[in-house]
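First to last, the sequence lines map onto chains A and B. Following the working numbering, the numbering of the first sequence begins with 12 at its first residue and continues without gaps. Following the working numbering, the numbering of the second sequence begins with 2 at its first residue and continues without gaps.
Treat the hints as calculated values from the structure; they're not laboratory data. Possibly wrong hints are sitting among the right ones.
[Claimed, not checked] Listed below are several chain A residues computed to face chain B (Cβ distance under 7 Å; list not exhaustive):
no., residue
1, CYS261
2, GLY262
3, LEU265
4, LEU359
5, THR363
Ideal Cβ positions, reconstructed from N, Cα and C, are used throughout, including at glycine.
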Amino acid sequence: MTTRTTAPDQALDVEQQRLAAVRRYAILDTPPEDIFDRICALAARIFNVPIATVSIVDEDRIWFKAATGLPTGQIPRDPGLCASAILTDGPYLATDAAVDPRTLDNPLVRGELGLRFYAAAPIVTADGHRLGTVDVIDTQPRQVTDAELDRLADLAAIVADELELRLAALRQATIERAARRRVEAQWHHAQDVATALGHNLVPSRLAYVPGLETAAFHQPLSDDHVGGDFYDLFPTDATGTWAVFLGDVCGKGLAAAALTALVRYTLRAAALIDDDPAAVLANLHHTIMLDPETNEYSYCTLAYGRLQPQPVGYRLTIAVAGHPPPLLIRGDGATTTVAGTGPAAGLLADATYSTTTVDLFPGDTLVLYTDGITDLRLGEGWPGPDDLTDLLAGTATAAAAVIARIQQLTATIEHPHDDIAALAVSIPTP
Amino acid sequence: MDEFTITSSADPDGLRLRGSRPRPDTVRLAVTGAIDVSNASHLRAGVQEAVDAGEAAAFELDLAGVPMLDSTGVGTLVACRAATQRVGLRFAVVATRPIVYRILQIVGLIEALNVSMSAEPNGGESGRIPAAGGDAGDDPDDRS
Chain A
12 MTTRTTAPDQ
22 ALDVEQQRLA
32 AVRRYAILDT
42 PPEDIFDRIC
52 ALAARIFNVP
62 IATVSIVDED
72 RIWFKAATGL
82 PTGQIPRDPG
92 LCASAILTDG
102 PYLATDAAVD
112 PRTLDNPLVR
122 GELGLRFYAA
132 APIVTADGHR
142 LGTVDVIDTQ
152 PRQVTDAELD
162 RLADLAAIVA
172 DELELRLAAL
182 RQATIERAAR
192 RRVEAQWHHA
202 QDVATALGHN
212 LVPSRLAYVP
222 GLETAAFHQP
232 LSDDHVGGDF
242 YDLFPTDATG
252 TWAVFLGDVC
262 GKGLAAAALT
272 ALVRYTLRAA
282 ALIDDDPAAV
292 LANLHHTIML
302 DPETNEYSYC
312 TLAYGRLQPQ
322 PVGYRLTIAV
332 AGHPPPLLIR
342 GDGATTTVAG
352 TGPAAGLLAD
362 ATYSTTTVDL
372 FPGDTLVLYT
382 DGITDLRLGE
392 GWPGPDDLTD
402 LLAGTATAAA
412 AVIARIQQLT
422 ATIEHPHDDI
432 AALAVSIPTP
Chain B
2 MDEFTITSSA
12 DPDGLRLRGS
22 RPRPDTVRLA
32 VTGAIDVSNA
42 SHLRAGVQEA
52 VDAGEAAAFE
62 LDLAGVPMLD
72 STGVGTLVAC
82 RAATQRVGLR
92 FAVVATRPIV
102 YRILQIVGLI
112 EALNVSMSAE
122 PNGGESGRIP
132 AAGGDAGDDP
142 DDRS
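Next up, chain B with everything else stripped away, as it sits in the complex (with noise of 0.2 Å):
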């Protein structure tokens, strides 16, 4: 699949973010590293650059590097499903660490975010069943 660089992905705060094109209609932009009130702001400014980088109809955000987020983190997701939406992306959520699944479901935002616990590599609608296998089982606790 294609990949392309994020520029703001030279983060001093452990957050890498990496963009690619899963599906010719998709950008998808997957984290790599807990997202707090100290990288939130770097989240979003990477969004944008992804979704400013072509055309799509849908916009996914890939949280299997993800082993944590606090509640800025957590309302950061939620302004960038507002970017993408500005921009008329369909917005997706895959959450493969259960840590990371189970935030979004206290705090309720497993459809608004349209959150899965796996990829769905033929783009269809994104459910909500965990896939068998995977990585949700690594590594819940790492916080670096």
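One chain only, chain A, in its complex shape (with noise of 0.2 Å):
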């Protein structure tokens, strides 16, 4: 038997270190557990005793994790003779108490429990810690073999196990769970940036322009979703002179909102600049070729246009970046696409674009919009720009009711693939 003590300053470091090693656990005051209950019975059984018990030492107690022969619970450390049995490394014994020297005088032994005989093994954790003990108890003196003793060592390094398990088992859940938190945390963050940028992409509302009616609509594709979609119209000096743009980014999510959040910068920046659209164009085309940010086939379609005030409407000069040409619903009905088409911004290194000058008269609309919209599919073949205009034509000549008439088509779109934006600009008729 092995009686290795252990000196008293050291002793409460030991102790510490001991209870720091109970709480990592988390054992104490746990529900009872099929597993811990089997033990305890069988160390009952194995000695043939009325009385055993898996007992954990807490800081001033004896919490039982099972008994048998005894009802479950705890009882003071002070008396325990567990709390003696787990100053060792081997098994504790008193066959007789009564006349043992260590426990003659122990309450447990003195007292109505009239302990008589005493065999605990600890209960040691993989870096040595004793918890508590697996013990057997009888009010009568006992001899015991060293195989007993060695099978109530086996059973106590089960327990040990167990609790191994359980310790891994909780370390596994607190890392999932703060795994969980982590991806949550992350989602909500992400979630956070994509309503911001996606705020930004799209006007909350169209400025008020004097002389022109304007209506815009975008319907993203679902609500968590950053779509690569965007418009604005704004003024580019004093004299009443407007840019108007409406695009569309490759791809989805944050990177297709950072793209479209340059794009969008840029556009205002070289719209000050410039008054040619189709140097505007090439501006932004060169700020994506160049932004080392930008994925290398990272690109944006896109129409952007110029309105300045005449003696009686708009002089429109507008160019294209791989996009669908806007259409423009003369007064009379008459509709046409305005502008040919140069290749998407940011893609082809030698890229060039040209300008397209229309005035506008009273009456006449023009529209731009994303190919969102083709995904209205009807019937053969590709409903582009000619079935749009088909679609449009006759049934409105204003703004708001052309928007209007272009949300009424999208909603019959069951599963749409792509965002859908429109935005339209009209002279209203005196």
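Two chains, two frames, some hints: make the complex.
Spelled out as structure tokens, the structure:
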């Protein structure tokens, strides 16, 4: 039998670490569990004694994880034999406690319980802390064999293993909980960024332009989705000249949103520098090509126009980069597309753009739209600008009515593949 | 014509790639399936593999079996062009389906990607005149 003892100062330190280990296994005050109940019953049967416990020694109490022949619960640590038993690495044995000098004054021995026989094997953790004991108790003195004490030690080792498993499971659960919390936090953060960017991609409402009727419509693919569609309408000088653009960046998600932000800011700045829409698009094109943050084959498609007030109506200059050509609905209902298409901005090193000029008169409506609208799948073939021309023909000749009609048409798309955006500008008839 | 297998053709996202040599100096990669964000990198890898497959002067990407391509797919075609041009190959796209042709037209890539509506079996300069017949009318709504 090992009877290693420890010096008092050191003992205090060891006891603090031992208590920390007890806390770590988070076993105290947990409900009964079959595995510990069975170990306890097995210990009682092996020794053929009326009482056995699986005890954990807490700071000031001995708490029974399992008990046979005693009610589960706890007793104060002070008189506890168990508290003595955990001071040694090996089994603790008192074959007749009434005469054993270590135990004869113990209240458990002298008191009502009348304990005479006590054997305990410490529950030792992998890192050497003795958390408690598996012990057997009788009210008669007994002799035991070394083989019986070995089995008691085996049972204590099983308890220790079980506690390690519990700890591993607890840690795993903690790790998973932390990972889940981290993912959730990242998701919420991404949501916030997406929402913030999303608010920035299209203005909450279009600016009021004197002498123009304007309307816009934006239908993201889903609420939590940062789409690639964007548009804006803003003054470029103090003389009543306005710039308007609407486009779509390739891809989805935050990378697309970041590119959209770059495109918007570049366009707003370039619009102040160049009057010519083709020059503005060339500027944008080079900005995307040179942007180190942007993926090599990221690009954006858009239509960009400039509206300059005339004695009657507005003069529109417009350029298109890889985008469906805008529609012009004349006051008499005649509908055409304006502007030929240059390549998408940011995609080809040698891209060039050209500007088209059209005069807008009262009753005329200009419609910019993204190709999400081409999800309108009507019959055979490609429902492109021509089809939209047909769809809009004769139905509306002012911005708000055109947008309402487009909104109505897009509502018929059962499974949209993309965001849908449209912006219309019309010259009211006097 | 000689056909060869593109090993990366075991694609979970439904894109099938088939390499061939329609003419001695030309490598053709025939694509079947919609090209989108889920499989664009797979197409890139397949093009690289076809380019590496042997000596040639021209590379032809056959999109006759492509019912649809999304914005990422369009960017990927430009990346494929760059990969072939890096090794000195002429690049061309065959887009017999009107929807695919129109997408490339709107994005402004017909010239840059050398897109034609029919394959040119005699290997001349690729024209942009739709061939009579062909499978141009095949199921343009198929986005499977």
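Evaluated hints:
1. With its C-beta approaching chain B no nearer than about 4 Å, CYS261/A sits inside the 7 Å limit, and its interface hint holds.
2. For GLY262/A, the suggested interface contact is upheld, since its CB lies about 6 Å from the closest CB of chain B, less than 7 Å.
3. For LEU265/A, the interface hint is violated, the least distance from its beta-carbon to any beta-carbon of chain B being 14 Å, above 7 Å.
4. The interface hint given for LEU359/A is met, as the beta carbon of that residue sits about 5 Å from the closest beta carbon of chain B, less than 7 Å.
5. Given hint, THR363/A at the interface with chain B, is violated; its Cβ is 10 Å from that chain's nearest Cβ, farther than 7 Å.
Of the numbered hints listed earlier, those contradicted by the structure are 3 and 5.
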